[in-house]
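Colleague: Numbering (this note's numbering), first residue to last: 16 to 240.
Simulated from the structure, these hints should not be mistaken for laboratory data. Note that the Cβ used here is the ideal one computed from N, Cα and C, for glycine as well. Treat the hints with caution; some may be incorrect.
Claimed, not checked - BS3-like mimics (lysine-lysine), calculated; alpha carbons at most 27 Å apart, straight line:
#	residue 1	residue 2
1	LYS176	LYS107
2	LYS176	LYS138
3	LYS138	LYS107
4	LYS138	LYS184
5	LYS86	LYS138
As the list claims (entries may be wrong) - Here are the computed distance ranges between Cβ atoms for each label pair:
#	residue 1	residue 2	range
6	GLY229	LYS176	35 to 43 Å
7	PRO197	ASN227	33 to 41 Å
8	PRO203	ASP133	18 to 26 Å
9	LYS184	GLU95	37 to 45 Å
10	ASN227	THR89	15 to 23 Å
11	PRO98	PRO197	20 to 28 Å
12	ASN228	VAL171	28 to 36 Å
13	LYS138	MET173	46 to 54 Å
14	VAL171	ILE239	43 to 51 Å
15	ASP160	GLU91	31 to 39 Å
16	ALA83	VAL181	28 to 36 Å
17	LEU206	VAL105	36 to 44 Å
18	GLU162	GLN240	20 to 28 Å
19	ASN227	GLU91	42 to 50 Å
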Amino acid sequence: MIRTSVRSAVPAARFGVFGLAAVLVLGGCSGSGGDPNAEAAENNSSSPSASERPTESATPSATPTPTAAYKPATAEGPAENVPLPVMPEVAKEESAEGLKAFATHWYDLMNYGFETGDVEPLKQISGPDCVVCGNVYRLLGNGYDEEDWIFGGELVVMSTKTNYVVTSKGVYQVLIQIRQDPYEFRGPGGLLYGENDGVEGTTVQMIEATYNNGQWFAHNAVTIQ
16 MIRTSVRSAV
26 PAARFGVFGL
36 AAVLVLGGCS
46 GSGGDPNAEA
56 AENNSSSPSA
66 SERPTESATP
76 SATPTPTAAY
86 KPATAEGPAE
96 NVPLPVMPEV
106 AKEESAEGLK
116 AFATHWYDLM
126 NYGFETGDVE
136 PLKQISGPDC
146 VVCGNVYRLL
156 GNGYDEEDWI
166 FGGELVVMST
176 KTNYVVTSKG
186 VYQVLIQIRQ
196 DPYEFRGPGG
206 LLYGENDGVE
216 GTTVQMIEAT
226 YNNGQWFAHN
236 AVTIQ
């Protein structure tokens, strides 16, 4: 259910897009390599004498650049300096545990999108025909139009399960039980475009994925419960 509180300055057509807010969990869907080892160089068997060695001058060590502090979104402004989730090593494994870890990372990237409006990291590991993904892309695109932002909406993965069997379509399936915090569509100057209850209980989604070239790829995502 969507509760709305719209001010006269908000175009009605634009607000209508927020009717898609629930598609994150209700929508359906049809349908990177390791680092090389560094090789140590051999020392020359003959070392220069003390008189031949150049005098070493002390150089000041470089001062590390401080990392900007993460600031979560509030009703007054969007999140700042949101760190991009790093895929854990286990999520790169061709195994049941790898698939489940990949699914959890997939939702981490969706959370990153809710905080930043940036869906490119999610697109890189998702198929172009994923309906759930497409709805999320549109939702976040409108939620982050110009200077607007989304406050809240964190997705929490409660559990994951897979039989780890290739289906007749040639994909693996993994079930993910999730819940989602309530969220608001916000704009500058205290504007509140609309509110969404999120998922008060839990829901179950299924990701269909394949493993190629050392990585998992989510072709489909669908809500099944």
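Colleague: For each hint, tell me whether it holds in the structure or not.
Modeller: We went through each hint and held it up to the structure:
For the suggested pair LYS176 and LYS107, the alpha carbons sit about 17 Å apart, so the restraint of at most 27 Å is met. At roughly 23 Å between alpha-carbon atoms, LYS176 and LYS138 fall within 27 Å of each other, so this suggested pair holds. For the hint linking LYS138 to LYS107, the alpha-carbon distance of about 17 Å falls within 27 Å, and the restraint holds. At most 27 Å may separate the alpha-carbon atoms for a hinted pair to count; LYS138 and LYS184 meet this at roughly 22 Å.
Restraint check for LYS86 and LYS138: satisfied, since their Cα atoms lie roughly 25 Å apart, inside the 27 Å limit. One distance hint, 35 to 43 Å for the beta-carbon pair GLY229 and LYS176, is violated here, with the actual separation near 24 Å. A hinted range of 33 to 41 Å for the beta carbons of PRO197 and ASN227 is consistent with their spacing of about 38 Å. Taken as a hint, the range 18 to 26 Å holds for the pair PRO203 and ASP133, whose Cβ atoms sit roughly 19 Å apart.
For the pair LYS184 and GLU95, the beta carbons lie near 42 Å from each other, so the given range of 37 to 45 Å is met. The hinted window of 15 to 23 Å between ASN227 and THR89 is violated, with their beta carbons roughly 41 Å apart. Between PRO98 and PRO197 the beta carbons are some 23 Å apart, a value that agrees with the proposed interval 20 to 28 Å. Distance hint check: the CB atoms of ASN228 and VAL171 are about 31 Å apart, consistent with the given range 28 to 36 Å.
Distance hint check: the CB atoms of LYS138 and MET173 are about 25 Å apart, inconsistent with the given range 46 to 54 Å. Our hint of 43 to 51 Å for VAL171 and ILE239 is violated, since their Cβ atoms are close to 18 Å apart. Separated by about 18 Å at the C-beta atoms, ASP160 and GLU91 break the suggested range of 31 to 39 Å. Taken as a hint, the range 28 to 36 Å is violated for the pair ALA83 and VAL181, whose Cβ atoms sit roughly 44 Å apart.
One distance hint, 36 to 44 Å for the beta-carbon pair LEU206 and VAL105, holds here, with the actual separation near 42 Å. Between GLU162 and GLN240 the beta carbon distance is about 37 Å. The supplied range of 20 to 28 Å is therefore violated. One distance hint, 42 to 50 Å for the beta-carbon pair ASN227 and GLU91, holds here, with the actual separation near 44 Å.
In this structure, the earlier hints numbered 6, 10, 13, 14, 15, 16, 18 are contradicted, and the remaining ones agree with it.
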